[in-house]
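K.L.:
So the chains spell out like this:
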Amino acid sequence: MTTPKQSILVMLVEDDEGHRILIRENLRARGIVNDLLELSDGQQALDYLYRRGPYQDAARSPRPGLILLDIKMPKVDGLTVLEQIKSHPTLKTIPVLMLTSTDDQTDVNRSYALGANSYMVKPIRYEEFQERINALGLFLDIVRFPD
Amino acid sequence: MEDRRATSPSERQGRVSEGRASDVRAEETVPAVSTCVLPTPQETLRRLLKVWSTGLLVFGCGFLAYGLLPLLVLNNAEQVRWTIRVGLVEIPLLGGFFMIGLPWVWYRPIQQVLETWVAGQAVARSQCIRAYELALLLPWRIVLAACTASLLCYGIGLSVVYWRAHLPLVEIWKALPAIPLVGGMAGAFGYFGTVRTLHPVVSRCSVELRHARPVRRGSLGTKFLMMTCLLALASLCLLQPAAYTAGQVMTERYVRDLALTQLRVAAYQAASLNETAERLKVLEDAKLGVHGYVFAIDDAGRIQTPHPRGDTHLSQEALDQLDQQSVGHERAWTDRVGAHRVIAFMRMADPPWTFVSVSFPSDFDLPLRTFVQMSWLVVFLVIGVVILFGRYYTRSITTPLAELTQAARRIAQRDELSQHVPVTTNDEIGEVARAFNRMVERLQASKAEVGEYTRRLERSTQDLSALNQEMEDLLHVVSHDLRAPLINIRGFSQRLEPVMQETVDVLDRLAKQAQGNGLRHHVETLRGAIQTRFGESLRFISKSVEQMDVLLSSLLAVSRVGRKADPLLPQDLGDILDDVLATCEHQLTQRSIGVIRHPLPNAVPCRRNELNQVFSNLVANAIAYMGSSTRRVIEIGGAAHEDHVECFVRDTGIGIDPADHERVFQMFTRLEAIDAPGEGIGLAYVRKIIRSHGGRIWVESRRGEGSTFCFTLPTRAAASTGARA
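Going down the list, the sequences are from chains L and C.
Residue numbering for the first sequence follows my numbering, beginning at 1 and increasing consecutively.
Residue numbering for the second sequence follows my numbering, beginning at 1 and increasing consecutively.
Rather than coming from a laboratory, the hints here were simulated on the basis of the structure.
Please note: incorrect hints may appear among the correct ones.
Covered by chain C, according to a simulated footprint, are these stretches of chain L (three or more residues, beta-carbon under 8 Å) [what the hints assert, rightly or not]:
1. 32–45
2. 73–84
From chain C, some residues computed to sit far from chain L (all C-beta separations above 12 Å) [to be verified]:
3. L68
4. V89
5. K287
6. D350
7. P351
8. N488
9. G491
10. F492
11. Q494
12. R495
13. P498
14. D549
15. L556
16. S559
17. C584
18. D660
What you are looking at is a predicted structure, and each value in this text was computed from that prediction instead of being measured.
Cβ coordinates follow ideal geometry from the N, Cα and C atoms, glycine included.
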């Protein structure tokens, strides 16, 4: 583990535990060793970002440097979370990468309209997934570079 | 007639549609619906000619009767002869022209329409309107023609008789009322006969034209007034000449008797006198009226007249008669050459003179003239009364009718079914109003019924579309959500692969290091089991997941058609086909399939990605179902029509049985058990896309003869409305 100051925290909001595991493992396999905060629904994500409930302690709940956000989630869905993030004066600077299970253009278009920075289709093929994760790694490299 | 009952409704409809197709677009044709049996054109013409000929006969009889009767009564052979001569020439020529020739010319357009109908063909609307108006006008035109004929015949006839036979002016005046009378009589005959004969034509026209109204409108009140005025005038025309003639005859007889009596008195007194001057003085007293005069003819044939002005210019006929008279004879008669005059004479024995008295009946017909003047007055009075009461009476008919018309119009235009007309009379008009009210009530009930059905239909349509929407949403959600577990299955099964490989490697190494044969055997068995079972399982899982992924993608694509509101933009279908063929190139060469391309329409409003799917699915289908045909060609082309484009994709493959033509477009339908990829969604997807564009798709094919898939896309306003269908 790198020091928290140097590495940025990646927040993964995903309701499907399997997907969380697969994404985590693929990130690690690619060599992305950033701290990974895993949350299982949109409500938790908002609570964390707005420091509500169990996440009130600012020291223990650092701001993430990148958010991987699933669109279809229980309680509060990804698009609502995205909307809230992007309408917040400070939170809106955090890059958000939307995760979708299909390449439905409606979701993609709405995501971009709400201010998403990128999107990724959760692929069926392992190889494809690997490529996506590589691209994400590149993205994180760039984000990390100035430190 | 029965055999002339044109054709059955269905046949007629068929012919009408043919006629419509061949007709000019702008000229709307009238559907040939008929409620009454039409007589043949020949039959109609025969009946009309019969009516018109009878009219001419009436005209001739009237003319001769009204020309001859007064003359016969007043007994002038010369005038009677000339009247007959003139009548025999005029009636066939002038009467025939006006009462048969002209109506026939007017009737010809109606005859043409009738011929078209009987032939079972459709009649152009403008032609039908013309025939309708002509048929309504023709009876009136006939009346007018008869009156004109009467005017001309009398005018010419009276002039000729006046010129050749010295017809007195009074006779001309007496003949004038006969002009409208004879014309009117013949016209009325022609009118009613024509109306009756043309009735089927008029009613057929009105049925064909439905709401059309003749351009020239008539009013019941005006017609009634015209009729009554004509009747009053006719009665005057009929009575007046007769009464006048009778009056003339009576006046003349009175004047003749009076003149003879006066002469007798004068002769008696003269017999006792010797002086010529005294005798003449006595004779002077025998003259009658203002213009009457007397004279005496002595035995030497010299005329002795008691007054200097003495007019003795008698006609040769009168003088001849005077010469033949024997002594003691007396006689009086009317000389009708020029002004009528009554001539009375008396031949005396001593002296042998003949006293002659000439008197003019016109000096004595003041009461007769007064009677004539009074009769005109009476007639105009009657007409006035008729107009006054007729107006009131016709109003009692036309007002309820106008109310009915208003109510009917309101129903037709504004659908106000609450219209009830008041029933104010107990006659036929009241009956019509009652029937109208009943009809409106029935209509109201029917409308309520229809409204209820419409509401029900709307509800079920809404339910259906809601259900459809629900199904589509379900399809979307299901295909979307099923993908999440698939990702897990695939992801985790693939995670097992390296672990399995590692385990196999470890077991391999273990087997090599194992000392005992038993243990080595166990380890090798385990390694084999893991390699085959696990490997196989993972391969199957992987393959199934991929299949399911393809299926879900297709389902998702189908569910997306029509959900997106992407606008239709003009696209070059040729460009789209270029893209599609580029992706299939490999498959085409591999399967040695040739492609023949015809030009495709440009600037077709559509969604490019969807049309791309249409062509790729159709081409992929053509490739997949090419089978083992010897001629392996896919032909693609299209053409632009007025408001749509039509494209086709033709192959030389295995073909489709006509019974399955509809089924191929159903979802999850695969007709062939051959090894072709796909889940049976492709054509359903294509059909959904084409329908969402407002077009339609169909297949023309027979087993073993290849298939042609055709589809249309609207290019006009229909495209925008059809796009969301």
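K.L.:
Could you run down the list of hints and mark each one as holding or not?
P.N.:
Cross-check of the supplied hints:
1. Coverage of a stretch by a chain is defined here by at least three residues with a beta carbon nearer than 8 Å to that chain's beta carbons; for the segment 32–45 of chain L and chain C the count is 0, and the condition is violated.
2. Counting residues of the segment 73–84 of chain L whose C-beta sits closer than 8 Å to any C-beta of chain C gives 0, which falls short of three, so the coverage hint is violated.
3. Non-interface call for L68 (chain C) relative to chain L: holds, since the shortest CB-CB distance, roughly 105 Å, exceeds 12 Å.
4. The Cβ of V89 (chain C) sits about 99 Å from the closest Cβ of chain L, beyond the 12 Å cut-off, so the non-interface label holds.
5. Here K287 (chain C) stays apart from chain L, with its beta-carbon at least about 129 Å from theirs, past the 12 Å limit.
6. Chain L leaves D350 (chain C) outside its interface by the beta-carbon criterion, the shortest separation being 148 Å against a cut-off of 12 Å.
7. The non-interface label for P351 (chain C) is consistent with chain L: the shortest C-beta to C-beta separation is roughly 146 Å, beyond 12 Å.
8. Against chain L, the non-interface label of N488 (chain C) is violated: not every CB pair exceeds 12 Å, the least being about 4 Å.
9. With 12 Å as the threshold on Cβ separation, the claim that G491 (chain C) sits away from chain L is violated: the shortest Cβ distance comes to roughly 4 Å.
10. Non-interface call for F492 (chain C) relative to chain L: violated, since the shortest CB-CB distance, roughly 6 Å, does not exceed 12 Å.
11. Residue placement check: Q494 (chain C) does not keep its beta carbon more than 12 Å from all beta carbons of chain L (closest about 4 Å).
12. With a closest Cβ-Cβ approach of about 7 Å to chain L, R495 (chain C) is found to fall inside the 12 Å limit, against its non-interface label.
13. Here P498 (chain C) does not stay apart from chain L, with its beta-carbon only about 10 Å from theirs, under the 12 Å limit.
14. The Cβ of D549 (chain C) sits about 5 Å from the closest Cβ of chain L, inside the 12 Å cut-off, so the non-interface label is violated.
15. Listed as outside the interface, L556 (chain C) is inconsistent with that label: its C-beta sits roughly 6 Å from the nearest C-beta of chain L, within the 12 Å cut-off.
16. At roughly 10 Å from the closest C-beta of chain L, the C-beta of S559 (chain C) falls inside 12 Å, breaking its exclusion from the interface.
17. Every CB of chain L is more than 12 Å from the CB of C584 (chain C) (nearest about 22 Å), matching its label as outside the interface.
18. Against the 12 Å criterion, D660 (chain C) stays outside the reach of chain L, whose nearest CB is about 32 Å from its own CB.
The structure is inconsistent with the numbered hints 1, 2, 8, 9, 10, 11, 12, 13, 14, 15 and 16, although it conforms to all the rest.
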